[in-house]
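What follows is the residue order along each chain.
Number of protein chains: 6
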Amino acid sequence: MRHDGRTNDQLRNVEMITDFVIHPEGSVLISVGNTKVICNASAEDRVPPFMRGEGKGWITAEYSMLPRATEQRTIRESSKGKITGRTMEIQRLIGRALRAVVDLNSLGERTIWIDCDVIQADGGTRTASITGAFVAMTLALGKLVEGGKLKKLPITDFLAATSVGINSDHGEILDLNYIEDSSAKVDMNVIMTSNGSLVEIQGTGEEATFSRNQLNEMLDLAEKGIFSLIETQKQALGDLALLVMDTIEKKNA
Amino acid sequence: MRHDGRTNDQLRNVEMITDFVIHPEGSVLISVGNTKVICNASAEDRVPPFMRGEGKGWITAEYSMLPRATEQRTIRESSKGKITGRTMEIQRLIGRALRAVVDLNSLGERTIWIDCDVIQADGGTRTASITGAFVAMTLALGKLVEGGKLKKLPITDFLAATSVGINSDHGEILDLNYIEDSSAKVDMNVIMTSNGSLVEIQGTGEEATFSRNQLNEMLDLAEKGIFSLIETQKQALGDLALLVMDTIEKKNA
Amino acid sequence: MRHDGRTNDQLRNVEMITDFVIHPEGSVLISVGNTKVICNASAEDRVPPFMRGEGKGWITAEYSMLPRATEQRTIRESSKGKITGRTMEIQRLIGRALRAVVDLNSLGERTIWIDCDVIQADGGTRTASITGAFVAMTLALGKLVEGGKLKKLPITDFLAATSVGINSDHGEILDLNYIEDSSAKVDMNVIMTSNGSLVEIQGTGEEATFSRNQLNEMLDLAEKGIFSLIETQKQALGDLALLVMDTIEKKNA
Amino acid sequence: MRHDGRTNDQLRNVEMITDFVIHPEGSVLISVGNTKVICNASAEDRVPPFMRGEGKGWITAEYSMLPRATEQRTIRESSKGKITGRTMEIQRLIGRALRAVVDLNSLGERTIWIDCDVIQADGGTRTASITGAFVAMTLALGKLVEGGKLKKLPITDFLAATSVGINSDHGEILDLNYIEDSSAKVDMNVIMTSNGSLVEIQGTGEEATFSRNQLNEMLDLAEKGIFSLIETQKQALGDLALLVMDTIEKKNA
Amino acid sequence: MRHDGRTNDQLRNVEMITDFVIHPEGSVLISVGNTKVICNASAEDRVPPFMRGEGKGWITAEYSMLPRATEQRTIRESSKGKITGRTMEIQRLIGRALRAVVDLNSLGERTIWIDCDVIQADGGTRTASITGAFVAMTLALGKLVEGGKLKKLPITDFLAATSVGINSDHGEILDLNYIEDSSAKVDMNVIMTSNGSLVEIQGTGEEATFSRNQLNEMLDLAEKGIFSLIETQKQALGDLALLVMDTIEKKNA
Amino acid sequence: MRHDGRTNDQLRNVEMITDFVIHPEGSVLISVGNTKVICNASAEDRVPPFMRGEGKGWITAEYSMLPRATEQRTIRESSKGKITGRTMEIQRLIGRALRAVVDLNSLGERTIWIDCDVIQADGGTRTASITGAFVAMTLALGKLVEGGKLKKLPITDFLAATSVGINSDHGEILDLNYIEDSSAKVDMNVIMTSNGSLVEIQGTGEEATFSRNQLNEMLDLAEKGIFSLIETQKQALGDLALLVMDTIEKKNA
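Same order as they appear, the protein sequences are chains C, G, F, E, S and Y. Following full-length UniProt numbering, the numbering of the first sequence begins with 1 at its first residue and continues without gaps. Following full-length UniProt numbering, the numbering of the second sequence begins with 1 at its first residue and continues without gaps. Following full-length UniProt numbering, the numbering of the third sequence begins with 1 at its first residue and continues without gaps. Following full-length UniProt numbering, the numbering of the fourth sequence begins with 1 at its first residue and continues without gaps. Following full-length UniProt numbering, the numbering of the fifth sequence begins with 1 at its first residue and continues without gaps. Following full-length UniProt numbering, the numbering of the sixth sequence begins with 1 at its first residue and continues without gaps.
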């Protein structure tokens with residue numbers, strides 16, 4: 001058993017509170033264990049300059065941590081005057097992942113801004129951000145449909161993310177918290193859709209390497225966790241989830 | 001009656017949830033109507049370079065708004081690569097105000113970092129930040145006393161802040177929300193201690209002026225609101241509030 | 001008596017040299033004791049992007065100190081690559097103050113840029129800047145009237161600023177120089193018009209507090225000083241002052 | 001056959017010119033088809049502040065492209081005043097990969113700086129950088145051994161990288177050039193050691209997804225390419241390659 | 001004899017490899033002894049904002065050194081987030097020099113971007129950049145003529161640059177390498193056309209002064225070196241050189 | 001005759017007011033026609049990090065223009081967040097020039113900071129800055145001698161600067177004002193000592209070239225102007241000038 005009592009293939013407790021902030025078109029507070037992220041989605045009726053005139057939409061994301069989201073206070077990126085490489089990597093990852101399940105042509109010349117602000121961190125903030133951001137984005141797109149700006153929900157599938165890794169004591173484990181992540185030999189983030197298709201996989205040996213077998217065992221764990229996260233997303237989205245499932249069925253038919 | 005049903009001298013609903021985030025030494029979520037600010041206080045065992053060797057402590061503050069704290073999404077200061085003048089003014093104000101009620105000599109060579117992160121804004125974010133920050137700071141200082149790092153709480157008084165203003169329809173009003181603030185002719189922020197002493201007063205005519213009489217009427221409203229905010233602080237602080245009151249009594253004796 | 005021989009309610013010597021620099025539409029060198037500020041006003045035939053198409057004008061200010069305006073050399077903000085919070089506060093204050101006495105609608109889509117460059121500092125640089133900037137701005141607006149770009153002077157009143165404070169030795173004092181400012185317990189900047197209406201008041205306890213009575217005594221001193229500064233402005237402006245007084249009379253009639 | 005005549009599992013021509021620049025401790029010009037990168041390794045006798053006193057070494061990398069390495073001129077990051085997210089991702093990747101095959105404890109408190117400057121780009125610049133950087137780093141470490149600063153080569157294995165992807169016309173392909181990369185549905189970078197262990201895997205669906213089967217087929221292609229690249233590294237390193245092979249044998253023994 | 005065996009009036013070995021990089025309109029690798037610079041010229045069909053609508057063209061240059069072009073690794077300007085004064089001086093100099101021999105009116109509303117990237121430095125990088133940049137620019141302009149975008153080559157003369165200096169041991173010397181440059185008392189860069197007309201002269205006493213006679217002796221050396229550099233340019237340019245010579249003749253006729 | 005009535009070899013009116021600002025160790029307001037520069041010199045008892053421990057001193061300069069020093073308002077470099085290439089060139093030039101006439105060894109580990117702030121510009125601001133800076137620096141060094149920190153004035157010669165140029169209407173001219181400078185074909189700045197030795201010469205053809213003869217004629221004019229400027233410096237320095245002359249004589253003896 002892991003130090004917090006979980007089995008190797010067990011997620012932490014997951015909770016998603018929708019409409020957490022009143023102003024955004026879509027807003028979710030996602031908790032994965034002690035990791036808590038406010039995910040807000042904002043709809044804007046234009047696209048960035050490099051896309052104008054193509055008739056397509058865009059999804060872009062920003063990610064930040066409050067200074068005391070962490071055990072030690074970290075300096076604000078606004079005070080430093082620049083964004084760290086880690087933040088850039090994460091926000092590029094979130095945007096790219098979400099774009100994989102959105103039909104940008106149906107979205108039209110609109111941008112959905114995703115803001116993921118970590119208010120409390122205990123490992124897995126980027127995967128929690130993606131999982132929560134999917135819900136916030138879907139809520140915002142649902143509002144565009146409701147308001148008559150879009151004819152149908154331009155979402156092609158559910159999408160969630162989790163981390164897996166390899167640890168000296170326990171071998172392959174699912175959903176690492178901060179302590180587990182700090183001591184893992186291999187760390188991998190996996191993003192999948194509802195039928196287990198891969199959207200992104202990023203596996204890294206931390207001053208170590210890993211075999212093809214280990215890779216496959218980690219992917220099995222990830223799939224199990226992601227299917228469970230998608231169930232929670234469906235509950236949080238309520239009727240909107242039915243609309244998404246409907247779209248998937250039509251695509252597969 | 002004001003558009004939200006309040007009388008001119010009435011505060012909005014005020015709530016303070018302590019220990020909102022688990023990592024900081026002091027953490028409060030303050031709500032003043034729809035304005036919500038996470039105030040975290042972090043204790044650090046050293047002071048900034050310009051104060052080293054003086055044996056005195058320091059209180060400093062940072063303030064930020066989530067992009068969708070506001071009705072329209074605002075650009076992150078970290079993306080712009082610099083902090084706006086408005087943010088600088090506010091964080092200087094928060095730090096200066098708190099230092100007025102802390103005995104920096106008893107604090108010793110320690111810094112208390114205050115982080116005020118507005119997650120939802122509806123006017124009065126700077127005064128809500130100060131009022132919440134006082135509670136977060138007191139919790140953090142209480143923990144230093146508890147942990148034996150300080151012999152006594154180095155706080156000399158309670159401190160809270162509110163806004164007052166003048167409006168064409170209602171005259172002098174207390175605790176302006178965003179709509180009221182946008183249309184006010186005069187806008188004033190007042191910071192006071194528990195006996196009504198002024199710590200800071202910043203009154204501004206917005207393309208308008210105001211008389212000495214109007215100034216005094218606004219200060220009367222501010223005092224009423226601040227005394228009420230200090231009562232809520234006392235409830236949030238529980239036993240720690242008794243320690244602060246004890247200090248005040250000794251000072252006055 | 002104060003260390004430089006003044007009484008508590010006495011201003012330092014004030015001098016305003018108009019047309020100090022040849023290029024600007026309005027230019028003044030203001031001296032308040034040893035504090036010397038070059039105030040230049042530039043008229044531009046357009047407004048910032050956020051105001052375009054509204055038919056209104058704009059007044060904006062920038063403030064800077066030469067590195068050796070001070071006893072110790074300070075680093076240039078251009079070398080640091082960013083503007084300090086103090087500078088931002090001051091330039092926002094100067095612009096806001098001047099806008100309170102300008103009829104922005106009559107100004108039309110024009111910007112008046114105010115540049116306040118402190119060449120020698122001995123306390124009160126921000127209030128000297130505002131007092132001098134009013135004269136430079138009026139000269140520039142006068143030139144627009146003369147050149148036929150404006151039908152009438154869009155100024156609604158005179159405006160000047162001074163500092164007041166509380167000092168352990170002397171109590172409430174007017175127009176603090178650097179030494180007095182460094183040791184003051186309370187420091188307040190006051191901006192008023194010719195009939196004593198308040199435009200801005202910023203009072204701060206420096207690790208101290210102040211009572212409502214003390215506030216009122218300081219405001220009495222400020223009023224006295226500001227009335228005297230406005231007299232000097234009138235002399236510096238010559239015939240243009242008559243035009244301003246004429247406007248005020250019409251407004252009050 | 002692919003548009004340049006290659007089969008799906010065929011690398012482009014690979015060339016490595018050692019000692020390309022005279023000043024660095026290790027210098028290589030690597031060509032992979034038309035992609036050309038100067039990889040320089042610099043040895044410094046200290047580590048970054050966050051590692052001081054631990055007795056361990058550090059490997060860090062910087063990556064840049066000349067403005068006309070690309071078909072269209074790109075703006076210099078020095079002119080923009082900041083590094084793009086793409087550059088940050090790549091330089092973090094290069095450093096992390098190399099650290100996986102270096103015994104940082106044996107290196108001692110030293111830093112190896114890796115500079116990868118792309119002078120001509122045609123796809124796969126990050127994997128060419130890693131493959132070339134391994135050679136430059138080994139040359140620099142060899143010089144430290146030669147100069148008596150290190151007793152033995154602190155390298156635990158060979159390391160090379162390549163890209164694989166999925167393309168509508170050809171399915172899974174190895175070593176994508178720029179045209180293939182632009183139209184690929186799935187793009188994956190793989191970094192492996194000489195026995196096929198994974199150091200890093202980054203697979204991304206570009207507005208698309210991929211299955212577990214496709215992942216495994218791409219990994220088979222990558223392994224084939226990487227084994228061939230390691231052969232070329234051995235030839236470039238000459239006698240130093242024997243030392244590395246010797247270390248690997250001892251580790252496995 | 002100088003430490004590398006040259007006489008006082010002798011250039012180092014000079015080589016110019018055209019078409020060194022495949023993408024730019026003009027590309028040259030120039031070597032002057034151990035100093036090696038990649039000079040790329042890019043043609044763009046528009047001019048900077050401040051020149052639009054004038055019907056004239058523009059030549060602008062950027063200059064950079066790879067971190068290990070030098071004996072000690074230098075920090076990248078992109079990492080520092082700003083360009084040094086030295087770099088700015090050099091890139092302004094390169095652009096200004098080239099514009100002196102281009103008929104900007106015949107060029108039309110086009111910009112030629114010159115990128116000089118020093119891959120190996122041993123003194124004289126700015127003069128080698130100018131000499132190489134002239135060739136790269138001419139190749140790019142030749143391509144515009146070839147492609148029918150320009151009727152004739154808008155070049156009015158050849159242009160090359162070299163350094164001269166005064167050294168305690170040898171007196172006036174031509175084409176200083178790094179060691180000679182570091183110990184020179186006077187350092188001068190000279191840019192001339194094919195008939196010996198001066199385009200730019202920058203002479204500096206390094207904590208020393210120099211006489212009018214010494215100035216003239218240095219200019220004699222420079223002229224000799226520049227005439228030789230122009231011969232090498234002609235060989236590198238081949239048939240294009242004939243076109244330039246033709247233009248010069250017509251101008252003089 | 002030139003448009004302002006001067007002959008080709010005539011300087012504008014030159015004035016130097018010493019002790020213009022009270023705080024700096026040396027302060028001068030220099031006027032050359034309508035060009036006015038405040039030159040302040042600050043003495044600091046340490047040198048920059050790269051020079052520590054060498055026992056030598058350092059002279060460094062900063063240069064700036066007030067926004068309305070010019071006919072059109074220019075944006076502050078502090079607002080832009082960076083220093084332009086032009087400013088960098090000028091401040092490097094001022095520092096380098098002054099160091100040529102200071103015995104840095106006798107200065108000891110001290111820095112003289114020179115601040116040249118142009119309050120009104122009409123051409124020749126950089127040469128006026130150098131000429132004024134020499135006086136300010138000498139005053140500051142004189143104060144160090146007076147205060148016993150230095151045994152003797154570490155100045156080896158007088159130093160002044162002027163501009164010369166070539167103009168279509170008048171040929172070679174001395175001390176160009178803004179209008180003359182804008183239309184000059186050749187522009188040259190010359191810095192000389194009291195015996196006519198060159199310290200720096202920077203001549204530039206503005207989309208034009210110049211001959212060796214023209215260069216020599218311009219240098220003759222420059223010498224005449226500089227000798228006259230040095231006479232004005234002597235008057236401004238009073239007794240200190242005698243000390244400098246004494247040093248020169250001893251050096252030549």
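Any given hint could turn out to be false.
Just so you know, same-sequence chains aren't split out, so a pair can sit in one copy or run between any two.
As the list claims (entries may be wrong) - Pairs of lysine-lysine, BS3-like flavour, derived with a Cα cap of 30 angstroms:
#  : residue 1 : residue 2
1  : K185      : K151
2  : K56       : K234
3  : K143      : K82
4  : K152      : K82
5  : K149      : K82
6  : K82       : K234
7  : K151      : K224
8  : K250      : K80
9  : K250      : K82
10 : K185      : K224
11 : K56       : K185
12 : K149      : K224
In short, the hints are calculated from the structure, not lab data.
Violated hints, by number in ascending order, as checked against the structure:
3, 4, 5, 6, 7, 8, 9, 12
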